[in-house]
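Here are the chains, one letter per residue:
There are 4 protein chains.
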Amino acid sequence: MTQSLGIALMGTGRMAYVYGPKINAHPGLRLEVIYNPRMSSAERATTEYGGCPMDNLDAVLAHPAVDAVVIATPTDTHVDYIERAALAGKAIYCEKPLDKSLDRVHRALAVLDTHKVPFMLGFNRRFDPDNALLQAAVRAGEVGALNMVMSWSREPAPPPLDYVLTSGGYFVDATIHDIDLACWIAGERPVEVFAAGTCKFDPAIGAAGDFDLTMTTLKMPSGALVHINNSRACPYGFDQRLEVFGEKGMLQTRNHRDDTLVRWTCGATEARKPLKHFFLERYDQSFYNALDEFHAAVTQDRTPSCTAEDGRAALAIAQACARSAHEAIAIRPAYDAGAA
Amino acid sequence: MTQSLGIALMGTGRMAYVYGPKINAHPGLRLEVIYNPRMSSAERATTEYGGCPMDNLDAVLAHPAVDAVVIATPTDTHVDYIERAALAGKAIYCEKPLDKSLDRVHRALAVLDTHKVPFMLGFNRRFDPDNALLQAAVRAGEVGALNMVMSWSREPAPPPLDYVLTSGGYFVDATIHDIDLACWIAGERPVEVFAAGTCKFDPAIGAAGDFDLTMTTLKMPSGALVHINNSRACPYGFDQRLEVFGEKGMLQTRNHRDDTLVRWTCGATEARKPLKHFFLERYDQSFYNALDEFHAAVTQDRTPSCTAEDGRAALAIAQACARSAHEAIAIRPAYDAGAA
Amino acid sequence: MTQSLGIALMGTGRMAYVYGPKINAHPGLRLEVIYNPRMSSAERATTEYGGCPMDNLDAVLAHPAVDAVVIATPTDTHVDYIERAALAGKAIYCEKPLDKSLDRVHRALAVLDTHKVPFMLGFNRRFDPDNALLQAAVRAGEVGALNMVMSWSREPAPPPLDYVLTSGGYFVDATIHDIDLACWIAGERPVEVFAAGTCKFDPAIGAAGDFDLTMTTLKMPSGALVHINNSRACPYGFDQRLEVFGEKGMLQTRNHRDDTLVRWTCGATEARKPLKHFFLERYDQSFYNALDEFHAAVTQDRTPSCTAEDGRAALAIAQACARSAHEAIAIRPAYDAGAA
Amino acid sequence: MTQSLGIALMGTGRMAYVYGPKINAHPGLRLEVIYNPRMSSAERATTEYGGCPMDNLDAVLAHPAVDAVVIATPTDTHVDYIERAALAGKAIYCEKPLDKSLDRVHRALAVLDTHKVPFMLGFNRRFDPDNALLQAAVRAGEVGALNMVMSWSREPAPPPLDYVLTSGGYFVDATIHDIDLACWIAGERPVEVFAAGTCKFDPAIGAAGDFDLTMTTLKMPSGALVHINNSRACPYGFDQRLEVFGEKGMLQTRNHRDDTLVRWTCGATEARKPLKHFFLERYDQSFYNALDEFHAAVTQDRTPSCTAEDGRAALAIAQACARSAHEAIAIRPAYDAGAA
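Residue numbers (our numbering), protein chains in the order written: chain A, 1 to 340; chain B, 1001 to 1340; chain C, 2001 to 2340; chain D, 3001 to 3340.
Don't read these hints as lab results, they were simulated from the structure.
Hints may be right or wrong, so weigh each one.
Unchecked claim - Pair ranges (Cβ atoms, derived):
id	chain 1	residue 1	chain 2	residue 2	range
1	C	P2160	D	C3266	44 to 52 Å
2	C	P2021	B	A1136	42 to 50 Å
3	C	R2044	D	G3050	24 to 32 Å
4	A	L165	D	S3222	20 to 28 Å
5	A	E309	C	R2139	53 to 61 Å
6	A	E309	D	S3222	35 to 43 Å
What the hints assert, rightly or not - Quick partial rundown of chain C residues pointing at chain D, CB under 10 Å, derived from the structure:
id	residue
7	L2112
8	L2133
9	A2137
10	R2139
11	N2255
12	H2256
13	D2259
14	V2262
15	R2263
We treat Cβ as the ideally placed atom computed from N, Cα and C, and that holds for glycine.
Use the sequences and the hints to build the structure in full.
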């Protein structure tokens, strides 16, 4: 019989809308509480995916039916909720990133080190079925020792400027996904990174000191090299690909399509329809699978596969990339607390 | 607000297991009753998708919460349930085929003609998203006047002999799907059919007078030609494709894949994993979409898009194909009652 | 060292323009003579691929440097030239078909039976590298026993009506290629054929009793089935594909492209350029390869791989298809002399 | 009428074997002389593609039938022959690179500046039909302003160590091709480069201070970014791809295949055969097309499309890449004479 976990979903914003229905759909999870410290009456009334609306954090953490929290609040509140939930002995699933500040991330890890509750970081792309297959194939030795990992993430259109300004910068906001995938696939973390960034789409992003078009190189201890390219705009949709090149062969994942229909006309052959639109559609299944891993790890009393340390490392790498892009030198990531 | 229909699901076998969860998942359908005249105590107890278990047909049809029946019983009982449900004034969704006998099909159509309840035949492949896109593109004139329609249906492995012996023969059991798709895409029905069948996989099928490998040609009134090929075995999985060739271009649907992973090695390039396995996986969405069309048509008081007449025509064509394969002559399908 | 054959190229029309440069390009062939009984002064002067222009057949066949004839004249003259060249003891390469009349074909075979000169029929598509690879893979058992062979030949646009009227009909003119490929791949010849034809593109073709859109089914002794589809028009170019489905797998050849360029835009993904245009481009290499096989067989004193008997069988099958399409019954091809 | 150029082919090694037959095949070129200062008697006798063998440079350059030289000698002799041929007033086609030393390249450019003979550098990949199509599409604005250019060059196996040691290093030997392609496609040259290199395949290459696996980033004046990846080994063959990502779409070229055959089995679907093997096969046509451009430019009295300045820039960029890979900082290429 599936062991059931009572969940408090922290947050009522976009990511909470992603997790809410998936908690309901999962046979081992029960949505007990939806928390927002400043819950509107609308949120209280219309929460279509259920859960008792609460605005008192103490009460949420004292709630007897709540076994675990799923943190889907704004990034700069993650560490606070992690600390409070750890002290309350709750299992914790936290949407990525841990925080935009390495200092605060070190603080969160220290708390988790003292209060040993199950903790999982939601790098959801690891749980995408295609990415998971590719990583498993690599880890099973299908292509032998790795030479190169390449990751493409091009978004359909730039986010609102407000979002960009508080995102921690393009590397910390977005490249961090590709960084985590590359390290997870390669099974190692870079000794050195080099990144180049320019601003091609929204001058306001450049004026704010950020980039909207970047290329990143990671140099791995084994001698493998990683390439990442990111773009805040992409005319043909949400372009998400991986390529792994090893001594015995190459593996690729390709963009997902809504259908298999191809058209042959006098103007073209194999003209397919454009790609699915954005990450909520493309990675829908991955969020569910991430929750499933969280459930399985907690109920089986093992460490979830995506750890807080993974989050710390990815942030350190992303920050090194940003420094590299600004200073035009290769940077060694500051993996250790205090080293930054 | 979505208008809700109370459903009696007729049958507790394989197809009932397909429809039960989808009725539950549909916001406009309520599973009120599950019916089987000889329901086992296990079926009574363990029906995981709900509905009140009943074994008395009169009681089912008199049940005040039952607005519609979904008939998922053995084929030779379809017509009886259609007649009973029509007399009781219930809306009817019936799994294909109507029956294996044209006489009984004519009888069912006569009843439906007298008792004008909403009726929908479950040719589910029309509701597959890819097939639906292709048909819509054709009907919208994307490839102009049709020259050819081609349909592939190759099954992973032959069914049990028992199934074959009571299936009505390969043309009536399986080709009927391709026939219905082709007529629906072309918007017309054949004036003449020619079919060839052989027995390659299971001699017992041949000994029973049936085929397990067939090719069928339909000659349409417009001059368009249809090719269908069917196989009871296929080493690389469940092969389901369509190709439409018209004056302005060609449209194709391709096999679905579980993932996008491709492998490049010293032995091959672009070696993908084999196909998904069988129709329950491949056409899962289509069954839900078919129920959705049924719900929409009934609640909007319009005729469902897949009619009993479509079922009669497809059976007449399939039977003509079987005769053609046995007699080595082209056959004109017997569309009219009594013409067979 | 390559043994050299002196060639008399019979004909100065379209097919002669195909063979002329290839004879020159082949290190083992020498173009000695170009023959046309009614050679124009222009033909005499401008033959850019060389060879001594001659209009006297006796002189050509008596020419001491001529070892072999390549017959590229109008179809209804093939048999006459075969007879004359066989009597003169020349090796013979003859463009397909042997003739449109089975009686004349039987006559040619009788002559070749008496005068045992090397003879090769130019079913050039067998020598296309892709088709040859597929056939070799089948013969090597790569897909096990065959279930189905499918062949597509759709031409960009209907030929001039004059051509159609003297072509022997669509089955004899064009389907005969697919028939030969299918028999060659399957390693067997049909016991029964069924064909359906309509006229969709040029009413004058229909008025002349011919078809411009056909589908053909061949029933093989092993129980394998063959499907062929032909169209005199195709908006996206010259569509040439093969599919072989066997107990262990499927093999496909695909259309050739001029380049690998793909385009991803907001309207489509993977929009490639249309296909190459027609058979002279698509099968250019095959003509050279066919001559190479002829040269190798003659110089090695073995029978060329494409025989006169193959030509007789293909014609018998094509004529059976035409009868079937007109009479709407399956037809047993008349393989034996006098059986038609 | 095609104007004919008499050619002296300088060199009798591997690249001379590439150019010789193509000079013969070109209707506007005549192979008059083959030159090697230390010609063996074997070379003198067996040169199967013709031309008068000569070992005296003065005599070659004084030869009245020689209009142009095609320099296919070892790289470190290119500049000397350029200077001598320029002084002699001959048109010059020079295999890439100009030289491994920027100083010597500057010297060559100075001579060409004084002695204005037609000069073309053989960056043959520009003349590959697929690459040329892609570049033309970009220059025609098909994808709008460029965001990214990506170039893959992975070789089947490392070259002999001797070759590596005298090659000028991996960036100057191989990456220079990708650099030239990227600049030519983008229509601009980098303001800054960053490269990372490791040694994965042959420790002797690393011991010699060179790399066999590299990733390179070029930052263009427009803000576009370029990624290049190179590998001295590749298990699935010679991997050559381009991807261009612009504001209106993406263009890709793909690897060439020998055939279109695909295999579907119980283990995989679409398992194609491995790629063609190496650059002589893959880029065969491009060498011919490069000679054709040379012929056209010289006979039409215009500057060939691939200039000595292009060669100087590519070398400056490649050397900057090598420095960057060794020093872990971004480098500004030394485009101007004396700046290095």
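Hints violated by the structure (listed by number, smallest first): 7 and 10
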